[in-house]
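Each protein sequence line maps, in turn, to chains X and G.
Start counting the first sequence at 1; every next residue gets the next number (UniProt numbering).
Start counting the second sequence at 1; every next residue gets the next number (UniProt numbering).
Think of the hints as simulated: they come from the structure by calculation, not from any bench.
Incorrect hints may appear among the rest.
Copies of the same chain look alike in the list, so a pair counts if it works inside one copy or between any two.
Below, in silico cross-link-like pairs of lysine-lysine (DSBU-like), each with a Cα-Cα straight-line distance of 30 Å or less [as the list claims (entries may be wrong)]:
| id | residue 1 | residue 2 |
| --- | --- | --- |
| 1 | K301 | K276 |
| 2 | K360 | K401 |
| 3 | K216 | K363 |
| 4 | K216 | K360 |
| 5 | K301 | K272 |
| 6 | K15 | K297 |
| 7 | K62 | K212 |
| 8 | K160 | K301 |
| 9 | K267 | K363 |
| 10 | K212 | K451 |
There are 2 protein chains.
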Amino acid sequence: MQYTKITSTFLDQIKEAVGAANVFTDEESLANYAHDETEDLKYFPEVVVKPVDTVSVSALLKLCNENHVPVTPRGGGTGLSGAALPVFGGVLLSMEKFKKIINIDTQNLQATVEPGVITEEFMDAVAEQGLLYPVDPSSKGSCFIGGNVAHGSGGPRVVKYGTIREYILNLEVVLPTGEVIWTGANTLKYASGYNLTQLMIGSEGTLGVVTKIVTKLIPKPTQSVLMMASFAENEEACGAVSAIFRAGIIPSALEFMERKGVEWVIKYDDIKFDLKDNVNAFLMLEFDGDDLDHIFKDCEKANQVLEQFNCTDVLFADTAQQKEEIWRIRRTMPESVKSNSIYKEEDTVVPRATLPQLIKGIKEIGARYGFESVCYGHAGDGNLHVNIIKAGMSDEDWKNKLKDGIVEIFELTSQLGGTISGEHGIGLVQREFMSIKYSEVHLNLMRSIKKVFDPNSILNPGKIF
Amino acid sequence: MQYTKITSTFLDQIKEAVGAANVFTDEESLANYAHDETEDLKYFPEVVVKPVDTVSVSALLKLCNENHVPVTPRGGGTGLSGAALPVFGGVLLSMEKFKKIINIDTQNLQATVEPGVITEEFMDAVAEQGLLYPVDPSSKGSCFIGGNVAHGSGGPRVVKYGTIREYILNLEVVLPTGEVIWTGANTLKYASGYNLTQLMIGSEGTLGVVTKIVTKLIPKPTQSVLMMASFAENEEACGAVSAIFRAGIIPSALEFMERKGVEWVIKYDDIKFDLKDNVNAFLMLEFDGDDLDHIFKDCEKANQVLEQFNCTDVLFADTAQQKEEIWRIRRTMPESVKSNSIYKEEDTVVPRATLPQLIKGIKEIGARYGFESVCYGHAGDGNLHVNIIKAGMSDEDWKNKLKDGIVEIFELTSQLGGTISGEHGIGLVQREFMSIKYSEVHLNLMRSIKKVFDPNSILNPGKIF
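All chains should be modelled from the sequences, with the hints used to inform the complete structure.
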């Protein structure tokens, strides 16, 4: 793809379109927006633009489209697949000034919000009205809700509440031509032609730029209980996961963690946790609702299932502090892994009953290629984050051989009925693996849809395919 | 659009592609497939084809695509928007021989099913395993699950369980070229490029022909209680709807019915129901779960809300027979209306708290245009089926003036944040109203997506736009 480099004349046009105060070309700005949370990758934009409203985004995209200048939209910069990296330079479009919660509609249980709002701030604001927006990725304290839409985000509560797909009703989107549409309606049902809302979700900023988001909200449960169960073997913990659902219980979170992950959290963070010698895997189960008696009944049923899988110990947390301490172990795990070793993260997802096969396979592949791995994730959804650790692997093998190992992991994932990303997206770093799962016919459909929205390929080029 | 008429040579090619025993040109067959449940519309196909497997569908589509012959896919023929009508003649592709439930996977809580399976038969089969597939449109006894996918179907339980969008994980689809893809993965999460599964859902057979469906299943609740509440005024009943959710209660069904609908059911069917003089509107509320005590707590909370909206009476049904009798009133309503008068049905959907405004507006529009209406529907989702009754309207006004009234209803729907179809689809009869809600830019995106999948426009032409 050939793109036009940004000239000083063009920069003036950008300034005119979005206001000079919102345009940055200083070295520090360019460096700040050259990376996200994906490994140690760096790509420098030519200019960082922080528009303040839809009209400015429209003017900016129109200008860039007419001049073949690439535009990379960016949310909170917490992505793990490199989707916000400006690989062709051009304009880095930061949505950080779209910070308004426009409306929390307590009559309809809906909210209208700008894409630059931090997910946790939005959750707190609706919680004040007794409402729940349940899509809370680990990065909820810094990621933007717009980035969550772009990635089809999940988080621990998907298992009961569903992914972001089930909470987004309508989107205001600026197309590369500068035209603005609303993708759907502010309704819980929609059978009025192709569902462009659902098409935009997970499209990683390659089809349009989201400037307003209408979400569904639900009543916030007032009670919850958290259980942390210990197992001697990974496979037993993973095996218990599907048995929980077969017993008719739906927890509001069901997380898996390997021992090494917990060890590293203890090393990284000041967390007190009694890690016993015979324990190699953990499940966290949360149950929520309004009726504590009812919740305890579910816990008791779950406990019976866990016992069948040789669970060695169950910790019950029902005070806010106990729950927070246990959740902190899980939430700190990504940073702890990162601080401990050079690593690569893969976001596998499979039908949940195949988790024991997946984790066993990953360890076998690791043994053959000489890498270790730390696995954790949203086991209730069959979503396992596989952290590949460099450990004793030589620099050369890490650089040249590892890819074949990753290919094998994704081939296994695919054979089990799964896919190569559950919630982190494809972005830059996973796109070379797309053909493991998807045929050329399938990928060409995606490419052609891209062309419908963005014929000049100015929006987030170099991503997904 | 110019299409090729089917010659006897071409008919032989079809027979070769799908087997002669699956090809029908007798008058009775052509007549049987010339209509669905939409008003009294009739369009005759040139041939009815009932293939038995994916390979045959692929061969048929390839042949028709190369020869510019239109193909209209058809499920159970219960549609209300005319989406299965072969308006350009050509091939009527009936999926009625795709009748296998391929697999009910009780480990992963998933099923793989062919599109010609009747929805209720599928529900019963999974229920035998203690599982729930909750998408049950009124026509569940005769509609096909494939037709439900094509229309993005809902039904009474959407309010708690979501629409079919939340239960379809993966689809095998034959494209007009004859190529076959799986649209996604058998997983609860998916962040691997554009979501073609979600794009296919609700596309009304215009993008590809679904030949296998992977659904999510959930544990089946063992208990339920049904309440039927009476009100003196429509607006009070509709007003109570959003208040129920604001009180933190999520029923598994929340239906609204106007008095006239109930009157007509009593007239049409042999139903005993004590219809009191001062009652003009009803709400049906169902609560489900595994714990009857917990359900009764919700009923009690709901009752308190209903009282605030001057509910005059509440009937509680907790035996299977009582529940069935009340549900029969609601389920028989479409047929009762149909048997009583010439009518047109519109499938409005709005944010639920605006229902009182919607129903008031519909009555005002009716008064101005001289038509009566009977409204009922899934009030918990803001989804109101508006049955426009000819009553005293002259034939000429019915033919010429009514359309303006319908336009006004949809304009009102749109102003309230809603859209022109919640679950019945656009098909043939609503497409002239699409521009009320969607801009030309928006519709052109849809048309261009259609071209990506079906450049020769052979699949279900004349529908949606």
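Indices of hints not satisfied (ascending): Per hint list: single violation, 6.
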